[in-house]
Amino acid sequence: MNRRDFLKTASTAAVVAGTGVAAPSIISPARADARQESLLIVSENGPNNLDIHGVGTNVPGYEVSWNCYDRLISHEMKSGPNGVPYYDRDKFKPELAEDMNVGDMSATFKLRKDAVFQDGTPVTAADVKWSLDRAVSVGGFPTFQMKAGSLEQTDQFVVVDDHTVRVDFLRKDRLTIPDLAVIVPCIVNSQLVKKHATADDPWGLEYTKQNTAGSGAYKVVRWRSGTEVVLERHEDWKGGPKPALKRIIWRIVPSAGNRRALLERGDADLSFDLPSKDFAEMKQDGKLSLVSTPYSNGIQYIGMNVTQPPFDNVKVRQAVAYALPYQKIIDAVMFGLAKPMFGAAADTPTEVAWPQPHKYFTDLDKARALLAEAGYPNGFETTLSFNLGFAGVNEPLCILVQESLAQIGIKTTINKIPGANWRTELIKKEMPLITNVFSGWLDYPEYFFFWCYHGQNAVFNTMSYQSPEMDAMIDGARAAAANGDTMAYEKDVKDFVDLAFEEVPRIPLYQPYVNVAMQPNVSGYQYWFHRRLDYRSLAKA
Amino acid sequence: MLSSFLRRLATAIPSLIGVIIVTFLLTRVLPGDTAAYFAGPAATPEAIEEIRVKLGLDKSIPEQFVDYVGALVQGDLGSSLTTGQPVIQDIIDRLPASAELTLFGLFIAIAVAVPLGILAAVRQGSWIDHLCRIVATAGVSLPVFFTGLLLVYVFYYILGWAPAPLGRLDVFAFPPDPITGFLLIDCVLVGDWETLGSALAQLAVPSATLAIFALAPITRITRASMLSVLSSEFVRTARASGLSPFKVIVGYAFRNAMLPVITTLGMVFSFLLGANVLVEKVFAWPGIGSYAVEALIASDYAPVQGFVLAMAIMYVVLNLLIDLLYGVIDPRVRIEG
Chain A
1 MNRRDFLKTA STAAVVAGTG VAAPSIISPA RADARQESLL IVSENGPNNL
51 DIHGVGTNVP GYEVSWNCYD RLISHEMKSG PNGVPYYDRD KFKPELAEDM
101 NVGDMSATFK LRKDAVFQDG TPVTAADVKW SLDRAVSVGG FPTFQMKAGS
151 LEQTDQFVVV DDHTVRVDFL RKDRLTIPDL AVIVPCIVNS QLVKKHATAD
201 DPWGLEYTKQ NTAGSGAYKV VRWRSGTEVV LERHEDWKGG PKPALKRIIW
251 RIVPSAGNRR ALLERGDADL SFDLPSKDFA EMKQDGKLSL VSTPYSNGIQ
301 YIGMNVTQPP FDNVKVRQAV AYALPYQKII DAVMFGLAKP MFGAAADTPT
351 EVAWPQPHKY FTDLDKARAL LAEAGYPNGF ETTLSFNLGF AGVNEPLCIL
401 VQESLAQIGI KTTINKIPGA NWRTELIKKE MPLITNVFSG WLDYPEYFFF
451 WCYHGQNAVF NTMSYQSPEM DAMIDGARAA AANGDTMAYE KDVKDFVDLA
501 FEEVPRIPLY QPYVNVAMQP NVSGYQYWFH RRLDYRSLAK A
Chain B
1 MLSSFLRRLA TAIPSLIGVI IVTFLLTRVL PGDTAAYFAG PAATPEAIEE
51 IRVKLGLDKS IPEQFVDYVG ALVQGDLGSS LTTGQPVIQD IIDRLPASAE
101 LTLFGLFIAI AVAVPLGILA AVRQGSWIDH LCRIVATAGV SLPVFFTGLL
151 LVYVFYYILG WAPAPLGRLD VFAFPPDPIT GFLLIDCVLV GDWETLGSAL
201 AQLAVPSATL AIFALAPITR ITRASMLSVL SSEFVRTARA SGLSPFKVIV
251 GYAFRNAMLP VITTLGMVFS FLLGANVLVE KVFAWPGIGS YAVEALIASD
301 YAPVQGFVLA MAIMYVVLNL LIDLLYGVID PRVRIEG
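Respectively, the protein sequence lines represent chains A and B.
Just so it is clear: in the first sequence, position 363 is 363 by the numbering used here, and no numbers are missing.
Just so it is clear: in the second sequence, position 235 is 235 by the numbering used here, and no numbers are missing.
Check before you lean on any hint, since a few could be wrong.
[What the hints assert, rightly or not] Interface residues of chain B toward chain A, partial, derived using beta-carbon atoms under 8 Å:
1. Val-122
2. Gln-124
3. Leu-151
4. Phe-172
[What the hints assert, rightly or not] No farther apart than 27 Å at their CA atoms in a straight line, the calculated lysine-lysine pairs in the BS3-like style are these:
5. B:Lys-54 - A:Lys-129
6. A:Lys-429 - B:Lys-247
7. A:Lys-429 - B:Lys-59
If you are wondering where the hints come from, they were derived from the structure by calculation, not from laboratory data.
Glycine residues also receive a C-beta, built at the ideal position from the N, C-alpha and C atoms.
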């Protein structure tokens, strides 16, 4: 090729490209129909794995699992705090099982005879056994969650006949049955997955990472990681009434501003991870239907490491508890979209519930006095750490805390930790002062306390708080719950809540809300313990 | 030409080896523990250790490097933990999206900037010269994400002209099976005009965002280079010989002013790939930039290494092309080279 030729071809190419831009834009009627039967969800993050049993499956992945797989049992709905349907912690309903019979040391489940997987094969007891075995064997989060309900060994799951399964209890534990209704013990099409299993991957995790193999109400038909997930209704689903929506299109839109624009322009049907500020403003506009529900069993808190001075001194911790700008945080950080967990009246009796408000409130004089009593009349210096992954909330929150603590002489340096690093830092348990959120799927006070206050010192006991007295009460409540001893249970719960507030290794700030924004024609939103969406009940008018 | 091409290609090999070593080491010194991140919220130290072994992160750094290079030779870039897919697959899926956006943006920028630069040089000091200066200053001083959000706000939210910023295609348009991965080309190949229209509409605002950013350097360089050529003797001679102004400016002056413009285009293209990261975030564009950033946030080594490697290869190829173009445009360069 010589220079003249090149220049000639280049200019011809430019002319061709220039004229080719005008393209016809025809919107086919088929597209309008598709719009009516589909729900378009926009969110910040998408799944990294379609199977909750996989290695490192993220929270959006849980949502896929919840909707594409069935469990033996699920929860009934009741009316929630704001009139929104809310899962009923204490009432179970059959899903794949048609009957559940709980005995003293085992529970027997009779399976629906007509239930089929998405590829048409019937669901059998062997599938149930294989799936539960898988959950307790794969390790990582699923196995850990199963353990929380004393489901630990494969021999606990027994096939009685083709349509009957028995779950034997290792020990008496109130959480065993609720733990069978969480996302993890989902029933997988064992014959299909076994075909794709290899010696290195006996549970077929590679296959279920990319494909859904369940009997649930929806199946994934297209998944492009980080871009979109498309789910279609499983027409032969037997686990409940037929869902109204034929197709769910879930697009990942990282920019919060654009998610809001999409909702306000009416292009997206639903989004549920908008910043509080946007959400509060949209509430004022009143154009969309907005639902806020407090996280069940979850709080945002300030944690103090009790193994090192100065926070090993209970007076210092109480001083901090009197110095936090609680109301300012609710107003300026959360825009009112959080349930206060502070400032209960002095004569409020402790309830058998968690979370519940503590009796500290902002009182700087009291804080200064306590600090002086503790031997720090001039305050001290420390660092306040937070997770940058949730900077939208954590950063303004920490700045308010820093400003308020400075007034009683505690000088804090703010330490921003990248999301990837946060867990590593938590496990080390060296950060003196942090803010964090913890919430448990199983909504029982003793469950929260077992992870967050017990001397076993789990990761979530971010304060390294250890007290034999506390441990005795937590263990006592667990035992009493398992044996149905209500009196002892209530006493232990009240006592451990009182002790936790007296010693304040962690200071609850508020209960965060799950904020869901929908078009006015979308109905059927339900709040679930996992806080993600259940597509089965959603409908579009 | 072939031998110079091969010689030029050979010089790229050491830089690629360097890139492989440096990215490997850089990703290892990143803060954050991949295993802890992926072990999930409820992990015990044992569970984290289990994942560490599964990912091969318990081995020493040299051992990990040998594993990495060994896999690389077989074309295996590892698997991404954030997307759950093999990195090579992710790159194949996403690179065309980024390239399409960048090239389209660059094309718009050239279409506007080159004539503007030429006119500004020819009519130095006129209103068009001032316009050129304003455009250049504005383009350079507005950050890309800001222009992006502003354009979305105006053209989508307020005016409703642009489609929803939801990536490469409208939600209810179905993409043709990928042939080249470039949506526009695939649509034309399959003859799916409806999808082509949708893809072009989706592309318009993000590529305009990139184009605004790229306008400045191209106009300025075109103007400067044209000015120096216009004052040279052969242009004066051409004018004196009574050639038409168009022939003089486009036929003689611009052709000689193209070299610096081409060099700048190469640089602008690489800037644009960087700026892409932000544009992709704003427009939910499923490109390679946003992919790499997400991986970086999660301390997910394999995609970051794959991304840097892919970019390095692209730069090498790009520079090679530009070198070859020099030779085609200006024979003097070829002889010297």
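How the hints compare with the structure:
With a least beta-carbon distance of about 20 Å to chain A, the hint placing B:Val-122 at the interface is violated under the 8 Å criterion. For B:Gln-124, the interface hint is violated, since its Cβ never comes within 8 Å of a Cβ in chain A; the closest pair sits about 26 Å apart. For B:Leu-151, the interface hint is violated, the least distance from its beta-carbon to any beta-carbon of chain A being 11 Å, above 8 Å. Using the Cβ-Cβ criterion of 8 Å, the hint placing B:Phe-172 at the interface with chain A is satisfied: the shortest such distance is roughly 5 Å.
Restraint check for B:Lys-54 and A:Lys-129: satisfied, since their Cα atoms lie roughly 26 Å apart, inside the 27 Å limit. With a C-alpha separation of about 75 Å, the suggested pair A:Lys-429 and B:Lys-247 falls outside the 27 Å cut-off, and the hint is violated. Taken as a hint, the A:Lys-429 and B:Lys-59 pair is honoured in the structure, with Cα atoms around 25 Å apart against an allowance of 27 Å.
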